[in-house]
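There are 2 protein chains.
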Amino acid sequence: MNNIMSKKLSTKPLRGMKDFYPPDLREINWIIDTIRDVADLYSYEEFESPSLEPIEIFAAKSSEELVNEQSFIVEKKKGEKLILIPELTPSLARIITAKRQELKKPIRWFSVPTCYRYERPQKGRRREFKQINMDILGENSLYGDLEIFSIIVDIFSEFGATSKQFQIYYNNRRFIDSVCELILQVPKEKIPLVYKILDKADKMENSEYEKYVLDNFQDEIIIQGIYKLKEANSLNDLLTQFEDISKEFYDSKGFKELTSFIQLLEEARISEYCTFSPGVVRGLDYYTGIVYEVFDTGKENIRSIFGGGRYDDLLSLFSDEKITGTGFGMGVLMFSLFLKTYDLIPKEIREPDYTDTIFIASINENVSEYVLKLARMIRAEDFPCIVDYRFSNLKNQLSKAHEIGVLIVLIIGPKEMEQNEVTIRNMNTEKQETIKNSSLIDKIYDIIDELETQN
Amino acid sequence: MNNIMSKKLSTKPLRGMKDFYPPDLREINWIIDTIRDVADLYSYEEFESPSLEPIEIFAAKSSEELVNEQSFIVEKKKGEKLILIPELTPSLARIITAKRQELKKPIRWFSVPTCYRYERPQKGRRREFKQINMDILGENSLYGDLEIFSIIVDIFSEFGATSKQFQIYYNNRRFIDSVCELILQVPKEKIPLVYKILDKADKMENSEYEKYVLDNFQDEIIIQGIYKLKEANSLNDLLTQFEDISKEFYDSKGFKELTSFIQLLEEARISEYCTFSPGVVRGLDYYTGIVYEVFDTGKENIRSIFGGGRYDDLLSLFSDEKITGTGFGMGVLMFSLFLKTYDLIPKEIREPDYTDTIFIASINENVSEYVLKLARMIRAEDFPCIVDYRFSNLKNQLSKAHEIGVLIVLIIGPKEMEQNEVTIRNMNTEKQETIKNSSLIDKIYDIIDELETQN
Numbered sequence: 106m107n108n109i110m111s112k113k114l115s116t117k118p119l120r121g122m123k124d125f126y127p128p129d130l131r132e133i134n135w136i137i138d139t140i141r142d143v144a145d146l147y148s149y150e151e152f153e154s155p156s157l158e159p160i161e162i163f164a165a166k167s168s169e170e171l172v173n174e175q176s177f178i179v180e181k182k183k184g185e186k187l188i189l190i191p192e193l194t195p196s197l198a199r200i201i202t203a204k205r206q207e208l209k210k211p212i213r214w215f216s217v218p219t220c221y222r223y224e225r226p227q228k229g230r231r232r233e234f235k236q237i238n239m240d241i242l243g244e245n246s247l248y249g250d251l252e253i254f255s256i257i258v259d260i261f262s263e264f265g266a267t268s269k270q271f272q273i274y275y276n277n278r279r280f281i282d283s284v285c286e287l288i289l290q291v292p293k294e295k296i297p298l299v300y301k302i303l304d305k306a307d308k309m310e311n312s313e314y315e316k317y318v319l320d321n322f323q324d325e326i327i328i329q330g331i332y333k334l335k336e337a338n339s340l341n342d343l344l345t346q347f348e349d350i351s352k353e354f355y356d357s358k359g360f361k362e363l364t365s366f367i368q369l370l371e372e373a374r375i376s377e378y379c380t381f382s383p384g385v386v387r388g389l390d391y392y393t394g395i396v397y398e399v400f401d402t403g404k405e406n407i408r409s410i411f412g413g414g415r416y417d418d419l420l421s422l423f424s425d426e427k428i429t430g431t432g433f434g435m436g437v438l439m440f441s442l443f444l445k446t447y448d449l450i451p452k453e454i455r456e457p458d459y460t461d462t463i464f465i466a467s468i469n470e471n472v473s474e475y476v477l478k479l480a481r482m483i484r485a486e487d488f489p490c491i492v493d494y495r496f497s498n499l500k501n502q503l504s505k506a507h508e509i510g511v512l513i514v515l516i517i518g519p520k521e522m523e524q525n526e527v528t529i530r531n532m533n534t535e536k537q538e539t540i541k542n543s544s545l546i547d548k549i550y551d552i553i554d555e556l557e558t559q560n
Numbered sequence: 106m107n108n109i110m111s112k113k114l115s116t117k118p119l120r121g122m123k124d125f126y127p128p129d130l131r132e133i134n135w136i137i138d139t140i141r142d143v144a145d146l147y148s149y150e151e152f153e154s155p156s157l158e159p160i161e162i163f164a165a166k167s168s169e170e171l172v173n174e175q176s177f178i179v180e181k182k183k184g185e186k187l188i189l190i191p192e193l194t195p196s197l198a199r200i201i202t203a204k205r206q207e208l209k210k211p212i213r214w215f216s217v218p219t220c221y222r223y224e225r226p227q228k229g230r231r232r233e234f235k236q237i238n239m240d241i242l243g244e245n246s247l248y249g250d251l252e253i254f255s256i257i258v259d260i261f262s263e264f265g266a267t268s269k270q271f272q273i274y275y276n277n278r279r280f281i282d283s284v285c286e287l288i289l290q291v292p293k294e295k296i297p298l299v300y301k302i303l304d305k306a307d308k309m310e311n312s313e314y315e316k317y318v319l320d321n322f323q324d325e326i327i328i329q330g331i332y333k334l335k336e337a338n339s340l341n342d343l344l345t346q347f348e349d350i351s352k353e354f355y356d357s358k359g360f361k362e363l364t365s366f367i368q369l370l371e372e373a374r375i376s377e378y379c380t381f382s383p384g385v386v387r388g389l390d391y392y393t394g395i396v397y398e399v400f401d402t403g404k405e406n407i408r409s410i411f412g413g414g415r416y417d418d419l420l421s422l423f424s425d426e427k428i429t430g431t432g433f434g435m436g437v438l439m440f441s442l443f444l445k446t447y448d449l450i451p452k453e454i455r456e457p458d459y460t461d462t463i464f465i466a467s468i469n470e471n472v473s474e475y476v477l478k479l480a481r482m483i484r485a486e487d488f489p490c491i492v493d494y495r496f497s498n499l500k501n502q503l504s505k506a507h508e509i510g511v512l513i514v515l516i517i518g519p520k521e522m523e524q525n526e527v528t529i530r531n532m533n534t535e536k537q538e539t540i541k542n543s544s545l546i547d548k549i550y551d552i553i554d555e556l557e558t559q560n
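Just so you know, the sequences run in chain order B and Z.
Add 105 to a position in the first sequence, counting from 1, and you land on the number used in this note's numbering.
Add 105 to a position in the second sequence, counting from 1, and you land on the number used in this note's numbering.
Bear in mind the hints are in silico, worked out from the structure with no lab data behind them.
A hint or two may mislead.
The list makes no distinction among identical chains, and a pair is therefore deemed to hold if it is satisfied within one copy or across any two copies.
As the list claims (entries may be wrong) - Taking lysine-lysine and the DSS-like style, the derived pairs with C-alpha atoms no more than 27 Å apart in a straight line are:
1) K427 x K123
2) K113 x K209
3) K305 x K316
4) K333 x K295
5) K335 x K361
6) K316 x K293
7) K209 x K505
8) K269 x K210
9) K181 x K235
10) K117 x K204
11) K186 x K123
12) K112 x K210
13) K186 x K235
14) K204 x K235
15) K183 x K404
16) K112 x K186
Can you make the complete structure from the sequences, with help from the hints?
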């Protein structure tokens, strides 16, 4: 039995959470920074809002499941519930509304929030995760959606992914509205049910799904319509399956918007990355227009990598003013799994970059003051510098330098100090020479050049 | 009375939290990135651990006040309490312990966690805040503390602050131990009380403080000793106030470590930034050696900007192995208030950088395909590009470009499209010319050069 004094706590992070050691953090930051570069090219500005929000702003607009079952809740005062944000969009709506007069439209914004969901952890899913959000607000036209699609394509392309490896499966909720109302004659109050069924389809077994449809609809035309929506993979493929489509349908906003958007994807030369997919509707309640899910086209990652869409009425919680928006939230973990599947993350990203780092080893502590002076000189020239403070056993210090992978080492002893000199060693060639410290910086540049031409 | 349908939610963030709009985020990121640059120069590697931890790892080592009164607690399962981290050090201890075998020592690490404390918000203090943590672990010698002091000095210097504007007020807990044991003869079990009294002094009125001391100690030598520790501002000043100091004291580890450290500060040429201050002990329970608080020397910011120290036994919660460490946690908000006091944050940091951003205005929507092509060309050359999707009313588009502050505008109409041309306008000189689109990129470089030489 353990003595109470020696009982130790676990060193593991909480279930579903992750410790990012430096190599892990370099990798995820490389991914995020590469995406930031794309955001820059479209002139999207970064913002940040708190991780805690009043639960009310999520309760009204996010999915019920997210808020009631999957949330981390903090209760500081009786009756006042705070939520660790499970997604960013309601916060975005709040902070846009707060400055809606002064913000110049269209608003092009992105953010990299940490989000929290109390779900069963699995591949690609943690309880604490980073998400990249990009949105354009106040751009009502389809060009807003098109810009977001271009950004998505550019992000994937920036990492070297091709249209054979990913596709944006898109739809338009207004088009589905038109199909429901004008082709399938779904009673208006039952249209939300069609969305719910389409959204759940991928998460169910076939037999379970069929039962779910039949439990909710009796009309054979509607039932078959739902199956067709789920299965079609082009507009033509879908429409030829329906008989007698009315002129009213072809004149509807839903149909026209969809066909215009298909046209725009051609104009922007990104249609090879996009597939019309009328079964895609997105689970969150606030979407109103173009919606999409991005998938790996291979077999390894069968869940959607991420998705997004247009929301026309999100600010309504905070204001009567309408600002429409469209955007996406991309989990960095799922995206990184996609990149790994296609070997698109260079291995060396995880390693520290010691190209221009100087390591100082010394023979004894009598030289410490001189060593500290050299370190100051080196850092003043913007070279990173590591000082080995053991001041004894040079051999150990050199093997340490080798072990961590630095390429340039200074060796300092009493002779160097007396003469204002340094012995500088190129760890690759194992050549070393003793020079005046006044020419140290030039020499460092020389060795770096030498090392770079060797690679 | 409000109709329930039109009752709107507040757009304010929660009390004590802040929305970082793009200008705010640019400012704070500029500060953090500047500090990251200093961390790089010392070869400190960044890591990240979760915002949620089991409460036990804080309960044992942080201050009681932090955990019991000022924490945000989440309870997901009955009896399992999670804490939103109020500081980083216990998490650091946990994740170091988890990989204590494989991590190469000394470990030089930094992190920029978001921390949470349920305190009364005031100037420089929010309930959600970013903190920069830098630590060196596995370096037992005073050179570890010295390196941290050098980093602090370099951080302040990097922003242009001088030793007239800030000071590191330092002490050594082992020195205070020696004073208590060998000069003041404080009973061993009452030494923690001396620390508590010294730590509370700055937060109390004089009379309240005196009462506090008298309530806890009766021995006049101890009472006077505590006052002397609080008031002394040099080692000499302190020691000359005591009579008959024993040889045992001068031989003690506490005294020797302190005098060696004072010597090292001279060697490293940073003593002008440091003041020995025996009243500084730090509130957190885990410190054992050198401790310090950094203050603005002026009158505007009277609270400590941040502090830190050496902890020799922090891993004990998780393991019997000992790894010592020393480091600090600096609240970014308090630091930024210091910088603002001395006007060390350039105003333009808050503005977007549009130096090389191209804005495309166009005469009508017939040119959209051509405009999208130009935007692709421009972004492919790594220039940010904003497309105005209004495609009508050129005048409005140009005034928009002017309003947001871009410097280079392309004007595209049917003539430009037909001839594969672009009209390019320098917004500063208001000169514009029409050129072949094949020479667009060269022209952009020319205009940027021109704009830069004007500035």
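request  = Compare the structure with the hints numbered earlier in the document and write down the numbers of the violated ones, lowest to highest.
outcome  = Of the numbered hints given earlier, those the structure breaks are 8 and 15, listed in rising order.
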